[in-house]
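Same order as they appear, the protein sequences are chains W and Y. Quick note, the first sequence lines up with residues 145 to 644 if you use the numbering used here. Quick note, the second sequence lines up with residues 11 to 234 if you use the numbering used here.
Warning: the hint list may mix true and false statements.
Stated by the list, open to error - Pairwise CB distance ranges, derived in the manner of DEER restraints: (1) E42(Y) with D364(W): 40 to 48 Å; (2) R545(W) with Q93(Y): 43 to 51 Å; (3) Q93(Y) with D364(W): 19 to 27 Å.
Unchecked claim - Non-contacting residues of chain Y with respect to chain W, defined by C-beta distances greater than 12 Å in every case (computed): (4) A27; (5) D106; (6) D107; (7) P133; (8) R223.
Read the hints as simulated data drawn from the structure, not as lab findings. Here the structure is a predicted model, which means the values were calculated and not measured. Even glycine gets a Cβ: it sits at the ideal position worked out from N, Cα and C.
Residue strings, one per chain:
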Amino acid sequence: MIRSLRTRLLLGVGAGSMAVLVVAGLVLYALLRAALVGEFDASLDADARTLATLVEQEGTRVKSEMAERAMERFQRAARPDYYELRLRDGTVLERSTRLSGHDWEPIAGTLERPEIRFATLPDGRPGRMIGVTFTPGRDGDPVAPDEPGPDSVAASLPMAVTLVLARDTLDLDRALGRIRMLLVVVFGAAVIAALAIAAPIVRVGLRPLRAISTRIEAIDSRTLTAPLASADAPAEVQSVIDCLNGLLRRLDAAFRRERAFSANVAHELRTPLAGLLGTIEVALTRPREAAEYRHALATCLEICRQTEGIVENLLSLARIDAGQSAAHRRTVRLDDVLGRAWTPLAGPAESRGLGILWNVDPDLTADTDPDKLLLILRNLLDNAVTYADSGGTIDVVAKARDGVATIVIGNTGSRLAPHEVARAFDRFSRGDASRQATGSHAGLGLPLSKELAGLLGASLSATSDDGGRFEVRLEIPCHGEVERTTEQPGRESRMNANER
Amino acid sequence: MRLLVIEDYAPIRNAVAQGLREAGFAVDEAAEGREGLWYAKGNDYDVIVLDLMLPGIDGWTILEQLRAAGRRACVLVLTAKDQLEDRVKGLDSGADDYLVKPFALAELLARVRTLVRRKYDLPDPVLRVADLEIDTAARTARRGGRLLDLTAREFVLLEYSAARSGQVVSRTDVWQHVYDFHSDSQSNVVDVYVGYLRKKIEAPGLAKLIHTRRGQGYVLGALP
Numbered sequence: 145m146i147r148s149l150r151t152r153l154l155l156g157v158g159a160g161s162m163a164v165l166v167v168a169g170l171v172l173y174a175l176l177r178a179a180l181v182g183e184f185d186a187s188l189d190a191d192a193r194t195l196a197t198l199v200e201q202e203g204t205r206v207k208s209e210m211a212e213r214a215m216e217r218f219q220r221a222a223r224p225d226y227y228e229l230r231l232r233d234g235t236v237l238e239r240s241t242r243l244s245g246h247d248w249e250p251i252a253g254t255l256e257r258p259e260i261r262f263a264t265l266p267d268g269r270p271g272r273m274i275g276v277t278f279t280p281g282r283d284g285d286p287v288a289p290d291e292p293g294p295d296s297v298a299a300s301l302p303m304a305v306t307l308v309l310a311r312d313t314l315d316l317d318r319a320l321g322r323i324r325m326l327l328v329v330v331f332g333a334a335v336i337a338a339l340a341i342a343a344p345i346v347r348v349g350l351r352p353l354r355a356i357s358t359r360i361e362a363i364d365s366r367t368l369t370a371p372l373a374s375a376d377a378p379a380e381v382q383s384v385i386d387c388l389n390g391l392l393r394r395l396d397a398a399f400r401r402e403r404a405f406s407a408n409v410a411h412e413l414r415t416p417l418a419g420l421l422g423t424i425e426v427a428l429t430r431p432r433e434a435a436e437y438r439h440a441l442a443t444c445l446e447i448c449r450q451t452e453g454i455v456e457n458l459l460s461l462a463r464i465d466a467g468q469s470a471a472h473r474r475t476v477r478l479d480d481v482l483g484r485a486w487t488p489l490a491g492p493a494e495s496r497g498l499g500i501l502w503n504v505d506p507d508l509t510a511d512t513d514p515d516k517l518l519l520i521l522r523n524l525l526d527n528a529v530t531y532a533d534s535g536g537t538i539d540v541v542a543k544a545r546d547g548v549a550t551i552v553i554g555n556t557g558s559r560l561a562p563h564e565v566a567r568a569f570d571r572f573s574r575g576d577a578s579r580q581a582t583g584s585h586a587g588l589g590l591p592l593s594k595e596l597a598g599l600l601g602a603s604l605s606a607t608s609d610d611g612g613r614f615e616v617r618l619e620i621p622c623h624g625e626v627e628r629t630t631e632q633p634g635r636e637s638r639m640n641a642n643e644r
Numbered sequence: 011m012r013l014l015v016i017e018d019y020a021p022i023r024n025a026v027a028q029g030l031r032e033a034g035f036a037v038d039e040a041a042e043g044r045e046g047l048w049y050a051k052g053n054d055y056d057v058i059v060l061d062l063m064l065p066g067i068d069g070w071t072i073l074e075q076l077r078a079a080g081r082r083a084c085v086l087v088l089t090a091k092d093q094l095e096d097r098v099k100g101l102d103s104g105a106d107d108y109l110v111k112p113f114a115l116a117e118l119l120a121r122v123r124t125l126v127r128r129k130y131d132l133p134d135p136v137l138r139v140a141d142l143e144i145d146t147a148a149r150t151a152r153r154g155g156r157l158l159d160l161t162a163r164e165f166v167l168l169e170y171s172a173a174r175s176g177q178v179v180s181r182t183d184v185w186q187h188v189y190d191f192h193s194d195s196q197s198n199v200v201d202v203y204v205g206y207l208r209k210k211i212e213a214p215g216l217a218k219l220i221h222t223r224r225g226q227g228y229v230l231g232a233l234p
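Taking the hints into account, I'd like the entire structure generated from these sequences.
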């Protein structure tokens, strides 16, 4: 496969023009050859007719004057012609002396329609021979065999004589050879000339491609927004440019998303970092009581834990985005996973004075990835604890119906307007232009939970009503055996945050 | 000098407030936008340290409403947003300075001191009243070259009085600029501290520098 478009075009032009010229040359040669051979034959025919007039019938004898009148051309040393005169019965009347011992293949024709064919002369030269059968004239004029002379009937029947005349075609062959050579030379030159003309045309024609590739080379991640200019590009290149511009736009959008994401990541990590720095710097400004140092260290530890949560969420998102996350399923009790998700949040929930309404069917099991489910539930519960109003209520309900377990986590005190809920699933979104909390709540919990739910074949949705109740609903495929529990509601319990 | 810190992230708010208090400022704290705006409108703060992303109402809105209400407090914006357009928008919205998180506490303190000097139109960090020299950065005061042994509260009172030297400083002014909500609210505490200060800077044989204006307050400065 030839890689260069230029070479391919040139080869195409060369092969095409060569094919056309070869066919044209063959046709031209055939026509010229036919014309020259025809001319040769006409001359041969005329000579045969002339010679025929030298044959006369006298009684039952045929008399020829060829020997006297035309012997020179048959006797000359260089390239002599050959003739033979025979009767119908095959008797040779007369022939070139050089022809003795040489047998012609029989050839027959009339004066009107002489037969002419290629033959090899006795001395080996290529040539053409003509055969005419005629009735010699009685008074020296040749007469057709079936045309009785005026007074010949009594004397004798007219006799048919065949004259064969052969002549070499050396001149003809030489002329044809010269024509062949000329055709090859001229048409070969024409092919070369066509290539020579095509080369610059192809080069100029491909110039827009080179120009485009130069411009494409100059593109980097910062110049993605500048479209490839294409005012003077030909239509074929134009469509490529349009496609490339579309690609550039998509790339630019992707780059923008990435940059925004990185900026958000940096921003979210800066806040806890600033907290750490500030706390440590203040602690170090002067000698302090042990209790003050302990307090500062506890603050730092809490910040580190929050930061760790952000980083974990970011890594999980990155792994999901890179397609490196797979669900490792096993059978788990939902009530157990919910309990483990709640454990680290019990303290914060208590300190915020939140009431917990826990209504979880203890028999629910599902085939799912317990780690990912735990991450989802912890994020959802963490959000609920963070965004609930102080002294508000969090309710957790898990029930099953038709093989689908529904876990609903609701909290009071939401500041999210109903129409803003969809945006809560955007990364780094916090519902309004200002934000609801800092630290571990980098606006990653809901988007990450949604991605994780997708991995587990579960669905996650959220609603917010005007009364300030925010609710997330996780629907996850579960085991059919729990059907019965839908009729008998699970234990419902109201408890303080720290009981769980 | 009295400051307000509006920042929702507790570790930063606590650290900044403590750092500023230990540097001799009276500091109030607000963790939420509305609360912060209410404080800022209701008191004559010298400098407000303002986070931009806040629950409730954001920093831009607080800045806007503060300026609309005619409050002249210098505002130091504190934010994790470091894009050029954010910085420009912050300054154009009426902020006086901009500090990107994470920041060094020392820089925050220096910038706050600079904003205080700007508020009182004092280009020199060393305030001079007669033969009194008050170094606001080193937190030291001398009279006639002799170092004065002042408590933190006394120094702050002297610093504020010196910043307004030649003007009558009322008890309310002192209350507004030297004390924060943490301070105990004994009504005579201002007079007590002015008395302590007078004793320390007016050693026997030196000219009086604190002149009482009955019913109005006092003036710091040499009498003409």
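Each hint, compared with the structure:
1. E42(Y) with D364(W): 40 to 48 Å: holds (44 Å)
2. R545(W) with Q93(Y): 43 to 51 Å: holds (49 Å)
3. Q93(Y) with D364(W): 19 to 27 Å: holds (21 Å)
4. A27: violated (9 Å)
5. D106: holds (20 Å)
6. D107: Consistent with the label, D107(Y) stays out of reach of chain W, its closest Cβ about 16 Å off (over 12 Å).
7. P133: Given that every Cβ of chain W is farther than 12 Å from that of P133(Y), nearest at about 27 Å, it holds.
8. R223: Holds, because the least Cβ-Cβ distance between R223(Y) and chain W comes to about 38 Å, which exceeds 12 Å.
The structure is inconsistent with hint 4 alone, although it conforms to all the rest.
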